[in-house]
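K.L.:
As a plain string of letters, each chain reads:
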Amino acid sequence: MKTERNGHVYIVCALVVLEFYRLLPLTVLSGNGGSLMRFFLRKTMETESSVTGGYRRRFTGFLRKCMFSVLSMGPVPNHIAFIMDGNRRYAKKRNLQLGEGHRAGFASLMWILGYCYELGVKYVTIYAFSIDNFKRRPNEVQVLMDLMLEKIDELLKEESLVRQYGIQLYFIGNLKLLSDNVREAVERAMEITAKNNKLVLLICVPYTSTDEILHAVEESCQDKLDHSQAVKQTNGSTDHCNQTSQEDHEHDIKVVDIEKRMYMAAAPDLDILIRSSGETRLSNFLLYQSDKCQLYSPAALWPELGLWHFVWAVLSYQRSYSYFEKKRKQL
Amino acid sequence: MPRHVAVIMDGSARWARRRGLPASSGHEAGVRSLKELVELCGKWGIRILTVFAFSSENWSRPKAEVEFLMGLFERVIEFELQNFSREGVRISTIGDSSRLPKSLQKLLNKAECSTKDNSRLHLVVAVSYSGKSDIAQACKSIAHRVRDGLIQLEDIDEELIEEELATSCCEFPCPDLLIRTSGELRLSNFLLWQLAYAELFFSEALWPDFGKAEFVEALRSFQQRLRRYGSRES
Numbered sequence: 050m051k052t053e054r055n056g057h058v059y060i061v062c063a064l065v066v067l068e069f070y071r072l073l074p075l076t077v078l079s080g081n082g083g084s085l086m087r088f089f090l091r092k093t094m095e096t097e098s099s100v101t102g103g104y105r106r107r108f109t110g111f112l113r114k115c116m117f118s119v120l121s122m123g124p125v126p127n128h129i130a131f132i133m134d135g136n137r138r139y140a141k142k143r144n145l146q147l148g149e150g151h152r153a154g155f156a157s158l159m160w161i162l163g164y165c166y167e168l169g170v171k172y173v174t175i176y177a178f179s180i181d182n183f184k185r186r187p188n189e190v191q192v193l194m195d196l197m198l199e200k201i202d203e204l205l206k207e208e209s210l211v212r213q214y215g216i217q218l219y220f221i222g223n224l225k226l227l228s229d230n231v232r233e234a235v236e237r238a239m240e241i242t243a244k245n246n247k248l249v250l251l252i253c254v255p256y257t258s259t260d261e262i263l264h265a266v267e268e269s270c271q272d273k274l275d276h277s278q279a280v281k282q283t284n285g286s287t288d289h290c291n292q293t294s295q296e297d298h299e300h301d302i303k304v305v306d307i308e309k310r311m312y313m314a315a316a317p318d319l320d321i322l323i324r325s326s327g328e329t330r331l332s333n334f335l336l337y338q339s340d341k342c343q344l345y346s347p348a349a350l351w352p353e354l355g356l357w358h359f360v361w362a363v364l365s366y367q368r369s370y371s372y373f374e375k376k377r378k379q380l
Numbered sequence: 003m004p005r006h007v008a009v010i011m012d013g014s015a016r017w018a019r020r021r022g023l024p025a026s027s028g029h030e031a032g033v034r035s036l037k038e039l040v041e042l043c044g045k046w047g048i049r050i051l052t053v054f055a056f057s058s059e060n061w062s063r064p065k066a067e068v069e070f071l072m073g074l075f076e077r078v079i080e081f082e083l084q085n086f087s088r089e090g091v092r093i094s095t096i097g098d099s100s101r102l103p104k105s106l107q108k109l110l111n112k113a114e115c116s117t118k119d120n121s122r123l124h125l126v127v128a129v130s131y132s133g134k135s136d137i138a139q140a141c142k143s144i145a146h147r148v149r150d151g152l153i154q155l156e157d158i159d160e161e162l163i164e165e166e167l168a169t170s171c172c173e174f175p176c177p178d179l180l181i182r183t184s185g186e187l188r189l190s191n192f193l194l195w196q197l198a199y200a201e202l203f204f205s206e207a208l209w210p211d212f213g214k215a216e217f218v219e220a221l222r223s224f225q226q227r228l229r230r231y232g233s234r235e236s
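Protein sequence lines, in the order shown, are assigned to chains A and B.
Add 49 to the 1-based position in the first sequence for our numbering, that's all there is to it.
Add 2 to the 1-based position in the second sequence for our numbering, that's all there is to it.
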């Protein structure tokens with residue numbers, strides 16, 4: 050207990066130092082427009098050739114590894130989901146074009162994914178595009194679809210996170226609503242990464258939870274109909290009525306029948322759901338799966354979400370985990 | 003003002019433990035908080051109040067606590083029935099009532115019938131309720147209707163599912179605001195479908211300490227939020 054408490058103090062100190070390094074360039078560049086911001090974001094993702102940059106990276110990497118070692122002493126969440134809210138507000142705040150806000154959001158996503166997988170989180174789910182988002186202006190929807198195509202290509206490149214960590218990609222949602230070229234890219238990405246088996250990234254696009262449940266209900270009903278017809282053909286019409294009611298009782302739809310037909314059946318129970326930008330609502334995301342998970346809604350806009358927020362979410366999860374484990378043992 | 007407020011009344015047992023009292027005292031104190039909330043909702047024009055009184059997971063609590071809670075529900079409803087009629091409160095229950103004691107089932111039926119024409123506030127009490135089971139029973143019901151030829155497979159849509167959920171007894175089945183007390187940041191299998199666009203408010207106060215001030219704070223927070231439903235504000 051004392052070791053864990055000391056560990057948490059070290060984590061807090063390390064986070065302060067890391068946040069200083071992360072925010073200093075952003076505050077310096079905020080008055081200089083979008084081009085310098087893009088340059089910096091690109092540089093933080095690429096291998097830095099300068100000596101100073103190399104030392105900085107190694108130092109922050111070392112601090113982060115220490116923090117994650119301490120966190121790993123407690124329960125590590127297996128599945129975290131993110132509602133990546135706030136890209137547009139970020140762009141407006143920094144006088145960037147709309148697309149630049151989403152690009153900054155993608156860069157933030159890469160960092161967060163890196164943290165997740167480094168800590169040992171096996172499944173990460175992201176809310177990339179809601180079915181409700183089709184109500185937005187057509188040009189914004191087009192920008193998002195174009196960005197998605199661009200980023201799918203990037204994710205499949207040799208030097209990307211997906212290749213580095215051996216991540217399997219799942220695209221979750223009503224894929225029929227996507228335009229042909231996006232759907233093809235999505236299916237190709239899933240095919241290429243199907244053999245990866247270390248880590249999983251579930252990208253919800255275009256998705257709503259109610260649509261997912263509707264799809265599961267439709268499939269369950271279809272299966273039940275098919276089964277009833279098969280029984281009718283096997284048993285003949287005279288025994289049909291008695292057989293049907295008996296078979297119906299045994300094969301009545303249960304919770305497990307719906308769950309196995311959900312798009313998200315590929316992933317285990319959700320441990321933490323994080324929504325950025327301070328909004329505290331689910332917006333029709335993973336309603337069914339979030340029944341027992343920890344919810345966290347930091348005020349930071351998605352491109353501003355950093356290691357601090359990630360570690361805080363995991364710490365809150367670990368605090369509640371002990372409480373619920375204790376409660377479970379009391380029963 | 004939200005039309006429909008839902009509340010997860012969490013923290014009664016912890017409240018009692020902190021005072022060195024038995025859990026039953028916490029639950030009794032919780033009833034007082036509920037009465038105050040019902041009064042405030044009626045006064046401030048909130049049309050529906052749904053409260054999570056007992057979840058399907060709660061059946062695994064110690065037998066003595068479960069029996070006490072069942073007894074408490076009976077006593078409170080019996081006692082408050084006249085008040086409900088006088089104050090125009092309609093009471094409904096959602097959840098698997100087959101697991102409840104027969105006497106409580108009878109009383110709940112009687113309460114629902116005798117208050118069904120009241121229209122000032124609709125109090126929905128979730129007892130032995132599970133959001134997942136609610137969705138499963140809606141699915142089962144739809145499957146039976148398809149099997150019996152009452153509807154076609156193509157007729158199944160989100161509206162149909164919503165009509166089959168237990169909350170279809172309400173004029174507005176989906177809460178605008180969900181409040182959970184005791185600082186826990188979870189939904190705990192409550193109204194999963196119905197909370198798609200609800201604003202969530204997590205109060206640090208334990209349920210017996212949740213009073214007018216805390217409710218006002220939750221309502222203020224709700225009123226400051228911008229609800230976009232996936233689109234953009236113009």
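Hints are not guaranteed to be accurate.
Which residues of chain B face chain A? A few of them, derived with a C-beta cut under 10 Å, are [stated by the list, open to error]:
{"no.": "1", "residue": "Phe86"}
{"no.": "2", "residue": "Arg88"}
{"no.": "3", "residue": "Pro103"}
{"no.": "4", "residue": "Lys112"}
{"no.": "5", "residue": "Glu114"}
{"no.": "6", "residue": "Ala145"}
{"no.": "7", "residue": "Glu164"}
{"no.": "8", "residue": "Arg188"}
{"no.": "9", "residue": "Leu189"}
{"no.": "10", "residue": "Trp195"}
{"no.": "11", "residue": "Gln196"}
{"no.": "12", "residue": "Gln225"}
With a Cα cut of at most 27 Å, we get these calculated BS3-like pairs of lysine-lysine [as the list claims (entries may be wrong)]:
{"no.": "13", "chain 1": "B", "residue 1": "Lys65", "chain 2": "B", "residue 2": "Lys108"}
{"no.": "14", "chain 1": "A", "residue 1": "Lys247", "chain 2": "A", "residue 2": "Lys309"}
{"no.": "15", "chain 1": "B", "residue 1": "Lys37", "chain 2": "B", "residue 2": "Lys214"}
{"no.": "16", "chain 1": "A", "residue 1": "Lys206", "chain 2": "A", "residue 2": "Lys141"}
{"no.": "17", "chain 1": "A", "residue 1": "Lys206", "chain 2": "A", "residue 2": "Lys171"}
{"no.": "18", "chain 1": "B", "residue 1": "Lys104", "chain 2": "A", "residue 2": "Lys281"}
{"no.": "19", "chain 1": "B", "residue 1": "Lys118", "chain 2": "A", "residue 2": "Lys341"}
{"no.": "20", "chain 1": "A", "residue 1": "Lys341", "chain 2": "B", "residue 2": "Lys108"}
{"no.": "21", "chain 1": "A", "residue 1": "Lys171", "chain 2": "A", "residue 2": "Lys141"}
{"no.": "22", "chain 1": "A", "residue 1": "Lys200", "chain 2": "A", "residue 2": "Lys244"}
{"no.": "23", "chain 1": "B", "residue 1": "Lys118", "chain 2": "B", "residue 2": "Lys108"}
{"no.": "24", "chain 1": "B", "residue 1": "Lys65", "chain 2": "A", "residue 2": "Lys341"}
{"no.": "25", "chain 1": "A", "residue 1": "Lys184", "chain 2": "A", "residue 2": "Lys206"}
{"no.": "26", "chain 1": "A", "residue 1": "Lys309", "chain 2": "A", "residue 2": "Lys244"}
{"no.": "27", "chain 1": "A", "residue 1": "Lys247", "chain 2": "A", "residue 2": "Lys281"}
{"no.": "28", "chain 1": "A", "residue 1": "Lys171", "chain 2": "B", "residue 2": "Lys134"}
{"no.": "29", "chain 1": "B", "residue 1": "Lys65", "chain 2": "B", "residue 2": "Lys45"}
{"no.": "30", "chain 1": "A", "residue 1": "Lys225", "chain 2": "A", "residue 2": "Lys309"}
{"no.": "31", "chain 1": "B", "residue 1": "Lys142", "chain 2": "A", "residue 2": "Lys303"}
{"no.": "32", "chain 1": "A", "residue 1": "Lys341", "chain 2": "A", "residue 2": "Lys247"}
{"no.": "33", "chain 1": "A", "residue 1": "Lys142", "chain 2": "A", "residue 2": "Lys206"}
{"no.": "34", "chain 1": "A", "residue 1": "Lys200", "chain 2": "A", "residue 2": "Lys184"}
{"no.": "35", "chain 1": "A", "residue 1": "Lys114", "chain 2": "A", "residue 2": "Lys247"}
{"no.": "36", "chain 1": "A", "residue 1": "Lys309", "chain 2": "A", "residue 2": "Lys171"}
{"no.": "37", "chain 1": "B", "residue 1": "Lys37", "chain 2": "A", "residue 2": "Lys303"}
{"no.": "38", "chain 1": "B", "residue 1": "Lys134", "chain 2": "A", "residue 2": "Lys309"}
{"no.": "39", "chain 1": "B", "residue 1": "Lys104", "chain 2": "A", "residue 2": "Lys303"}
{"no.": "40", "chain 1": "A", "residue 1": "Lys114", "chain 2": "A", "residue 2": "Lys225"}
The hints are simulated quantities; they were obtained by calculation from the structure and are not laboratory data.
Ideal Cβ positions, reconstructed from N, Cα and C, are used throughout, including at glycine.
K.L.:
Hint by hint, note whether the structure agrees.
P.N.:
Outcome of the hint check:
Of the supplied interface hints, the one on phenylalanine 86 of chain B is violated, with its beta-carbon coming no nearer than about 31 Å to a beta-carbon of chain A, more than 10 Å. Because the beta carbon of arginine 88 of chain B sits about 36 Å from the nearest beta carbon in chain A, more than 10 Å, this interface hint is broken. At a threshold of 10 Å, the smallest CB-CB gap from proline 103 of chain B to chain A is about 21 Å, leaving the interface hint violated. The restraint placing lysine 112 of chain B at the interface with chain A is violated, with a minimum CB-CB distance near 30 Å, outside the 10 Å limit.
For glutamate 114 of chain B, the interface hint is violated, since its Cβ never comes within 10 Å of a Cβ in chain A; the closest pair sits about 26 Å apart. Evaluation of the alanine 145 of chain B hint against chain A yields a held restraint, the C-beta minimum of about 5 Å falling below 10 Å. With its C-beta approaching chain A no nearer than about 8 Å, glutamate 164 of chain B sits inside the 10 Å limit, and its interface hint holds. With a cut of 10 Å, the hint placing arginine 188 of chain B at the interface with chain A holds, because the nearest CB-to-CB distance is about 6 Å.
Satisfaction of the interface hint for leucine 189 of chain B is found here, the shortest Cβ-Cβ separation to chain A being roughly 6 Å, below the 10 Å cut-off. With a cut of 10 Å, the hint placing tryptophan 195 of chain B at the interface with chain A holds, because the nearest CB-to-CB distance is about 6 Å. Restraint check, glutamine 196 of chain B versus chain A: the minimum CB separation of about 9 Å is within 10 Å; hint holds. Checking glutamine 225 of chain B against chain A: minimum C-beta separation of about 14 Å lies over 10 Å; hint violated.
Annotation: proposed proximity of lysine 65 of chain B to lysine 108 of chain B holds, straight-line Cα distance about 22 Å (limit 27 Å). Taking the CA atoms of lysine 247 of chain A and lysine 309 of chain A, the gap is near 22 Å; set against the 27 Å cutoff, the hint holds. Of the supplied pair hints, the one linking lysine 37 of chain B and lysine 214 of chain B holds, its CA atoms being roughly 11 Å apart against a limit of 27 Å. Between the alpha carbons of lysine 206 of chain A and lysine 141 of chain A the distance comes to roughly 31 Å, so the proposed pair goes past 27 Å and is violated.
A hinted pair counts as satisfied when its Cα atoms are at most 27 Å apart, and lysine 206 of chain A with lysine 171 of chain A qualifies at roughly 21 Å. Pair hint lysine 104 of chain B plus lysine 281 of chain A does not hold up; C-alpha atoms about 39 Å apart against a cutoff of 27 Å. Restraint check: the Cα-Cα separation between lysine 118 of chain B and lysine 341 of chain A comes to about 33 Å, which exceeds 27 Å; the hinted pair is violated. About 32 Å separates the Cα atoms of lysine 341 of chain A and lysine 108 of chain B, which puts this hinted pair outside 27 Å; it is violated.
For the suggested pair lysine 171 of chain A and lysine 141 of chain A, the alpha carbons sit about 34 Å apart, so the restraint of at most 27 Å is broken. The straight-line distance between the Cα atoms of lysine 200 of chain A and lysine 244 of chain A is roughly 20 Å, inside the 27 Å bound, and the hint therefore holds. Between lysine 118 of chain B and lysine 108 of chain B the alpha-carbon distance is near 15 Å, which keeps this suggested pair within the 27 Å criterion. For a cut-off of 27 Å, the pair hint linking lysine 65 of chain B to lysine 341 of chain A stands: about 23 Å separates their Cα positions.
At most 27 Å may separate the alpha-carbon atoms for a hinted pair to count; lysine 184 of chain A and lysine 206 of chain A exceed this at roughly 32 Å. For the proposed pair lysine 309 of chain A and lysine 244 of chain A, the alpha carbon gap of about 22 Å is at most 27 Å, so the pair holds. Proposed proximity of lysine 247 of chain A and lysine 281 of chain A is contradicted: the alpha carbons are some 45 Å apart, above 27 Å. Taken as a hint, the lysine 171 of chain A and lysine 134 of chain B pair is honoured in the structure, with Cα atoms around 25 Å apart against an allowance of 27 Å.
Of the supplied pair hints, the one linking lysine 65 of chain B and lysine 45 of chain B is violated, its CA atoms being roughly 37 Å apart against a limit of 27 Å. In summary, the hint linking lysine 225 of chain A to lysine 309 of chain A is supported, as the alpha carbons are separated by about 20 Å, within the 27 Å threshold. With a C-alpha separation of about 8 Å, the suggested pairing of lysine 142 of chain B with lysine 303 of chain A holds against the 27 Å cut-off. The hinted pair formed by lysine 341 of chain A and lysine 247 of chain A meets the criterion: a straight-line CA distance of about 25 Å does not exceed 27 Å.
At roughly 32 Å between alpha-carbon atoms, lysine 142 of chain A and lysine 206 of chain A are farther apart than 27 Å, so this suggested pair is violated. Of the supplied pair hints, the one linking lysine 200 of chain A and lysine 184 of chain A holds, its CA atoms being roughly 23 Å apart against a limit of 27 Å. Taken as a hint, the lysine 114 of chain A and lysine 247 of chain A pair is honoured in the structure, with Cα atoms around 20 Å apart against an allowance of 27 Å. Between lysine 309 of chain A and lysine 171 of chain A the CA atoms are separated by roughly 20 Å; this keeps the pair inside 27 Å, and the hint holds.
With a CA separation close to 36 Å, the supplied pair lysine 37 of chain B and lysine 303 of chain A exceeds the 27 Å bound. For the hint linking lysine 134 of chain B to lysine 309 of chain A, the alpha-carbon distance of about 13 Å falls within 27 Å, and the restraint holds. Between lysine 104 of chain B and lysine 303 of chain A, the direct Cα distance comes to roughly 25 Å. Compliance with the 27 Å bound is thereby established for this hinted pair. This hinted pair does not check out: lysine 114 of chain A and lysine 225 of chain A have alpha carbons roughly 42 Å apart, beyond 27 Å.
Of the numbered hints given earlier, the model fails hints 1, 2, 3, 4, 5, 12, 16, 18, 19, 20, 21, 25, 27, 29, 33, 37 and 40; all others are met.
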